[in-house]
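*Asks:* Turn these sequences into a full structure, and let the hints guide you.
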Amino acid sequence: GQQVMQIPQYQHVQEGEDFTTYCNSSTTLSNIQWYKQRPGGHPVFLIQLVKSGEVKKQKRLTFQFGEAKKNSSLHITATQTTDVGTYFCAGSGSSNTGKLIFGQGTTLQVKP
Amino acid sequence: NAGVTQTPKFQVLKTGQSMTLQCAQDMNHEYMSWYRQDPGMGLRLIHYSVGAGITDQGEVPNGYNVSRSTTEDFPLRLLSAAPSQTSVYFCASSYSGSSYNEQFFGPGTRLTVL
Numbered sequence: 178g179q180q181v182m183q184i185p186q187y188q189h190v191q192e193g194e195d196f197t198t199y200c201n202s203s204t205t206l207s208n209i210q211w212y213k214q215r216p217g218g219h220p221v222f223l224i225q226l227v228k229s230g231e232v233k234k235q236k237r238l239t240f241q242f243g244e245a246k247k248n249s250s251l252h253i254t255a256t257q258t259t260d261v262g263t264y265f266c267a268g269s270g271s272s273n274t275g276k277l278i279f280g281q282g283t284t285l286q287v288k289p
Numbered sequence: 704n705a706g707v708t709q710t711p712k713f714q715v716l717k718t719g720q721s722m723t724l725q726c727a728q729d730m731n732h733e734y735m736s737w738y739r740q741d742p743g744m745g746l747r748l749i750h751y752s753v754g755a756g757i758t759d760q761g762e763v764p765n766g767y768n769v770s771r772s773t774t775e776d777f778p779l780r781l782l783s784a785a786p787s788q789t790s791v792y793f794c795a796s797s798y799s800g801s802s803y804n805e806q807f808f809g810p811g812t813r814l815t816v817l
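Chains as they are written, first to last, in the working numbering: chain A, 178 to 289; chain B, 704 to 817.
Careful, some of the hints might be misleading.
Claimed, not checked - Keeping only pairs whose Cα atoms sit at most 27 Å apart, straight-line, the calculated DSSO-like set for lysine-lysine is:
1. A:Lys228 <-> A:Lys288
2. A:Lys213 <-> A:Lys276
3. A:Lys288 <-> A:Lys247
4. A:Lys213 <-> A:Lys288
5. B:Lys712 <-> A:Lys276
6. A:Lys213 <-> B:Lys712
Stated by the list, open to error - If you want the footprint, here are the derived chain B segments under chain A, 3+ residues with CB under 8 Å:
7. 734-744
8. 747-756
9. 805-817
Unchecked claim - Reference listing, derived: stretches of chain A covered by chain B, where coverage requires no fewer than 3 residues with Cβ under 8 Å from a Cβ of chain B:
10. 216-225
11. 279-286
Treat the hints as calculated values from the structure; they're not laboratory data.
Ideal placement from N, C-alpha and C gives every residue a C-beta, glycine not left out.
*Replies:* Take a look at the structure:
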């Protein structure tokens, strides 16, 4: 079945350093979504990418969708303590269902 | 709007007991789903529903039942709890069954099975 792998599992950075998490699918995706989960909280939607090669920015966050629509990345520039949490990618192989397959998540710790 | 609500927030069960995790949404969303979250394994889809009266299995459906009699409610039933079902359970909903819609998650239920 479809698998979505995410690396690294954990990342510790000094405040102000950059951070990147990578997401790879075993199959071509119709779209990919990114979610953030704060410690003790629930996942919250960040963004969706649909087009091959698409790049979207939200302030210090940059999201990319690969040309083959099998991989994606989230890059945070100059991390802040408010960026702490777990970042999940979630992909779907079909546009006809809401059946999303989540990656394992990357937990980001930021040292002030 | 309350969004997606889940009850209870915490639950401790003994092996073999049954229980129902409640999930409700007030956004008139067609699509609802249940995930379990275990350390290092992300969110795994248990069951989902694309509308009232329609349910389907996700990645890890064994040991769980669901039904969807109304648009608002999507309860998850544990038939005979096992320690392997110790986890955090999240309910989510989205506007429609298309994967292009963002999912709204409830606050979660933390379940421990002894």
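*Asks:* Confirm or reject each hint.
*Replies:* Right, here's what the structure says about each hint:
1. A:Lys228 <-> A:Lys288: Violated: A:Lys228 and A:Lys288 sit about 35 Å apart, past 27 Å.
2. A:Lys213 <-> A:Lys276: Given that 27 Å is the threshold and the Cα spacing comes to 18 Å, the pair holds.
3. A:Lys288 <-> A:Lys247: The hint is violated at about 32 Å.
4. A:Lys213 <-> A:Lys288: Holds, at roughly 18 Å.
5. B:Lys712 <-> A:Lys276: 25 Å, holds
6. A:Lys213 <-> B:Lys712: Holds, because 20 Å separates the two Cα atoms, which is no more than 27 Å.
7. 734-744: Three-residue rule met by the segment 734-744 of chain B, so holds; n is 5.
8. 747-756: That given contact holds, which follows from 4 residues of the segment 747-756 of chain B lying within Cβ reach (below 8 Å) of chain A.
9. 805-817: holds (count 7)
10. 216-225: Since 6 is at least three, the answer is holds.
11. 279-286: holds (count 4)
Against the hints set out earlier in the document, violations occur for numbers 1, 3.
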